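Quick note, the sequences are listed as chains A and B, same order.
If you number the first sequence the way the numbering used here does, the last residue is 569 and the count never jumps.
If you number the second sequence the way the numbering used here does, the last residue is 308 and the count never jumps.
If you are wondering where the hints come from, they were derived from the structure by calculation, not from laboratory data.
These numbers were taken from a predicted model, which means no experiment stands behind them.
Watch out, some of these pointers could steer you wrong.
[Claimed, not checked] Have a look at the derived ranges for each label pair, beta carbon to beta carbon:
#, chain 1, residue 1, chain 2, residue 2, range
1, B, Gly-168, A, Gln-285, 53 to 61 Å
2, B, Pro-165, A, Lys-396, 53 to 61 Å
3, B, Ala-98, A, Ala-287, 37 to 45 Å
4, A, Val-301, B, Val-65, 55 to 63 Å
5, B, Met-47, A, Thr-475, 49 to 57 Å
[What the hints assert, rightly or not] Computed footprint of chain A on chain B, listed as stretches where at least three residues anywhere in the stretch have a Cβ under 8 Å from a Cβ of chain A:
#, segment
6, 12-22
7, 141-148
8, 151-164
9, 240-252
10, 255-268
11, 272-280
For every residue, glycine included, the Cβ atom is placed at its ideal position computed from N, Cα and C.
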Amino acid sequence: MAVDLRVNQKEDVSSARLRQWADFFRRAKRSKPTLVGAAMALLLIVIAVFAPWLAPHNPATQFRDGLQFGLPYAPFENSKFPLGTDHLGRDVLSRLLYGSRVSLLVGFTSVLVATAFGVVVGLISGYCGGKIDMLVMRITDVIMAFPSFLLSLAILSSLGPGLTSLLFAISISRWASTARLARSQALVLKECEYVEAARALGMGHLRILTRYIFPNSLAPILVNLTMDIAGAILTEASLSFLGLGVQPPTPSWGMMVNEARGYMFLRPSLVFIPAFAVAFAVLGFSILGDGLRDILDPKLRGSR
Amino acid sequence: MQRYVIKRLLIAVPTIIGITLAAFILMYILPGDPVAILMGDVLDMRTMEMLREQLGLNDPLYVQYYRFISNALRRDFGKSYQTKRLVNDIISSALAYTGKLTLAAYIISIVVGIPAGVFAAVKHNSWGDTGTMVLSMLGICLPPFVVALLLLYVFAFRLAWFPLGGTGSFAHMILPAVTLGIRPAAMLARITRSGMLEVLRQDYVRTARAKGLSQRVVLTRHALKNCLIPVITVMGGQIGGLLSGSVVVESIFSWPGIGKVSVEAILARDFPVVQAVVLLSALVVVGINLLVDLSYAFVDPRIRYE
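Modelling step: build the complete structure from the supplied sequences, incorporating the hints.
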């Protein structure tokens, strides 16, 4: 009897999940911001993956014919360099395409690490309550008190510039807010009837957390993750702009803006092409996050 | 009321202790021996050891922490490694500059954001509403350094309406303040709009209209007043963002505030300055959050009796 029950329950759960996904895609198709944001994000991902095939030149090569009387080419001035060259005679288009790799790599990796850590800590904290919860919340209080960019900056300066320290510096300042979100989800969900039922059936805490609480808290966490990617891309660009991000010769949009600052009044395109690329990426993921929130959580609609 | 205030103050205590601990620990994760930085190229073991003893770096950690706290309470953060000036002097002049800029950014965000939000709510589902929301999305998402460079290029270089950077006159402050103010203004517009949309549907607003009050009075006295709580929350929450934003904005406009000082200190590994900046900015954030919490009780009487 008990076995029968469980089989039925499993079928129910999986068909309910399927229905949820179908419902999700139906609503996504109707939500313009989600489609626009998803298209922008997808475009960036395609560019980042296929950069070596899309780029006309090597992004680090300093072309001898890349400078004209010692000055960089403007966009459309020389057919060999469609978006012009920079002060070292490197191809701007190639650097721009390759630059998406750093942005997305840092954006995705640091947010995934921060989210994974934050979700685990937050769910446990909310589910267990008591002293553990108290301690975790005080720690997040402290981390969130530091202005996140200043914290990343200070950590980065102590670890020295580079990709790994960049990822670490961004993740550390971001996990606390995710932990808060996951905790608030766990607090609500652990009072739900189905969790009580699971407990009454004698299920272990770990099983309840992974099977019931985690899947049901996913929607707001997913929205938060998308928004965080936008934030992390912005942080990476700002840190690279200050010269603390990835180091040359790896091209990054923030670094391109920084290198071009001296030429800003001579060749504004050198500054504004990579600057708008950053804006495009941040905007894409933010719009996607906004759209996802509208789809996944109608209660929160327009709350930001 | 009193109990509420005391409760909020008590909750802040562990956070403040945690912040000082974190700022203190930062000194120990920072690789690079402060003594080596201080002495520069001269590497003499005996002098180094003497200096270490002098700076108290050989004492146990808790003694150093105690000294750090008692010094910080007297606003003594030591001397800058780089310029040998007192950190307190460097920070207090920088704080004044950043404070001015932050205040200006707040004023801009209130003057622009709240009316924009009210406008969008009143014209709900019109072109004006959509336009305001699209603009606010741009305002939230555009990276501050992109906005700063754009304003610098257009208004300082092309049109030459404002100076390129530095300080001295009121005009110097406008571009950096606008750059910093755009994001909170956009946030305020969004939050005011959603709050107003909620409130405008309420019975008491309909009653006010039925009494024949003018649109202006209904909007400001009856509606806006009742969606102030989220507005205050958002404004308080922006302080950390403004301090973060000031780092990039100040270094673009060469504004000698906390942001510029911290970037220079971090690049030069001028440790006492970094520590003081990080500590003070976190304390400012906690202080503002506390004020926000206390102002809830002031704005919404229900909270006082919780």
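Okay, the hints, checked on the actual structure:
The hinted range of 53 to 61 Å is satisfied by B/Gly-168 and A/Gln-285, whose Cβ atoms lie roughly 57 Å apart. Between B/Pro-165 and A/Lys-396 the C-beta distance comes to about 56 Å, which sits within the given range of 53 to 61 Å. Separated by about 59 Å at the C-beta atoms, B/Ala-98 and A/Ala-287 break the suggested range of 37 to 45 Å. Distance hint for A/Val-301 and B/Val-65: a CB-CB separation of about 59 Å, consistent with the stated range 55 to 63 Å.
With their beta carbons about 56 Å apart, B/Met-47 and A/Thr-475 fall inside the hinted range of 49 to 57 Å. As drawn, the segment 12-22 of chain B meets chain A at 4 residues by the rule of a beta-carbon pair under 8 Å; at three or more, the given contact holds. Proximity of the segment 141-148 of chain B to chain A, defined as three or more residues with a beta carbon under 8 Å from a beta carbon of that chain, is established by the 7 residues found. For a cut-off of 8 Å, the count of residues in the segment 151-164 of chain B with a CB near a CB of chain A stands at 5, and the three-residue condition holds.
Here's how the segment 240-252 of chain B fares: 7 of its residues keep a CB closer than 8 Å to some CB of chain A, so the rule of at least three is met and the hint holds. Only residues whose beta carbon comes within less than 8 Å of a beta carbon in chain A count, and the segment 255-268 of chain B has 3; three or more means the coverage holds. With a cut-off of 8 Å between beta carbons, the segment 272-280 of chain B has 3 residues touching chain A; three or more are needed, and the interface restraint holds.
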